[in-house]
Amino acid sequence: MICKRWRAGVSMAALWPTLACPPASAMMKLLGSLALAQLLLLALMYLKLSAVEERVEVAAQGSVAAEPEAWNSVRDNVEAPLAGAQVIDSAEIRKIVREELRAARQEWASAEGREPDSAGQPIYDEAEMQDRQDRILSDLDYLKGQDEVSQAELDLLLAEIARLDPERRSEMFKELNRAMNRGEIRGNL
Amino acid sequence: MKTKMLIVLTVLMALPAWLHAGFTQPAPVIIELAEDGLSGFATGDMLSARDSVNPFEFIGCGIRAFETAPDTAFYQGFCQARLVDGETFTCFTNNKALLDGIQSIADNSFVTFSWTDDGTGSLTCSRIGSSTQSFYLPKIKSNL
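Protein sequence lines, in the order shown, are assigned to chains B and U.
The opening residue of the first sequence carries number 17 in my numbering; numbering runs sequentially from there.
The opening residue of the second sequence carries number 4 in my numbering; numbering runs sequentially from there.
It should be emphasised that the hints constitute simulated quantities derived from the structure, not laboratory data.
A hint or two may mislead.
What the hints assert, rightly or not - Only some residues are given here: those of chain B computed to face chain U with a beta carbon under 7 Å:
id	residue
1	Ser49
2	Ala143
3	Leu172
4	Leu174
5	Arg184
6	Phe189
7	Arg194
8	Asn197
9	Arg198
10	Gly199
11	Leu205
Quick reminder that beta carbons are idealized off the backbone N, C-alpha and C, glycines included.
With the rest of the complex left out, here is chain B (with noise of 0.2 Å):
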């Protein structure tokens, strides 16, 4: 038999489910002893969470002291405003990625044959662009000469003229343009 005044509340009613209803007054009393019980428990929760963190700041406290002096600055960059550290880095950051880029660029170029500017720009060596422009020239002369040009003929033609400097590559691909667009070159991209 299930007490019909505690049905309502499921979790009480299961503690119940055979028992008889306790009387009212027996019931307040038992209520009241456990909100009691409930305030004593928190209590004793807030004092040993006192204590807990008491420890820690004195632990902490003994860390800082026996640390020697670089870990000191170290921390009082990390402790240094938010704003401030993000200008230092972003400059830093930045100074460091245009270092790594140039160098980079002179590896790239020595591995290219080139040496790069002072901007970072690779100069061209004048004698192989030449010879390059003039291979690329003589290319387009023999596939003038071809009823049908492969794409992958084409594709060929172009990475050898994108390996032009600027001012050669445009001339080319404006060569090979003029001779796609007379039909001189009969093939598509």
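Since the structure of chain B is already known, use the hints to place chain U on it.
Just chain U now, with coordinates in the frame of chain B:
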């Protein structure tokens, strides 16, 4: 009687597909040149060009990217169209906005582009556009 039934059934089966065909707007390739011949434009949707009875008809654009330095590339874009054998109109571009226009072309898109001629036959793209809409799509057979 059997033949009549067969005809009726065939018509009934074809009816839903016809009802759900939707609007279509095929755009065969058109190439037009200015009177002075120093500029022109081409338009057309890729599906109409591909399905054309004209074996020379086509239209489209593309991009080639070439590494010129670490993390740096040179982009060469092009658009081309043809209606007659041996008369292909190909324009080149390095303009970033036009290259973006080429990138936005999708399968079955309608493509439109213009060019200017520098007087030597070298064509530079001056406008590249595309439109991707249902009325350019191929009709797909449906039993719904």
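Now the hints, each set against the structure:
A cut of 7 Å between beta carbons decides the hint on Ser49(B): the least distance to chain U is about 72 Å, and the hint is violated. Checking Ala143(B) against chain U by beta carbon gives a least distance of about 20 Å; that is not within 7 Å, so the hint is violated. The beta carbon of Leu172(B) is not positioned within 7 Å of any beta carbon in chain U (closest approach about 11 Å), and the interface hint is therefore violated. Contact between Leu174(B) and chain U, as hinted, is supported at the beta carbon level, the nearest pair being about 6 Å apart and thus within 7 Å.
Among the interface hints, the one on Arg184(B) is violated; its C-beta lies about 13 Å from the nearest C-beta in chain U, farther than the 7 Å criterion. This hint holds: Phe189(B) has a C-beta 6 Å from the nearest C-beta of chain U, less than the 7 Å allowed. The criterion of a C-beta within 7 Å of any C-beta in chain U is met by Arg194(B), whose closest approach is roughly 4 Å, and the hint holds. Interface restraint check: Asn197(B) against chain U, minimum CB-CB distance 5 Å, threshold 7 Å, status holds.
Look at Arg198(B): its Cβ gets to within about 6 Å of chain U, closer than 7 Å, so that hint holds up. At about 4 Å, the closest approach between the beta carbon of Gly199(B) and any beta carbon in chain U falls short of 7 Å, and the interface hint on this residue holds. For Leu205(B), the suggested interface contact is upheld, since its CB lies about 5 Å from the closest CB of chain U, less than 7 Å.
Comparing the model with each earlier hint shows violations of hints 1, 2, 3, 5; every other hint is respected.
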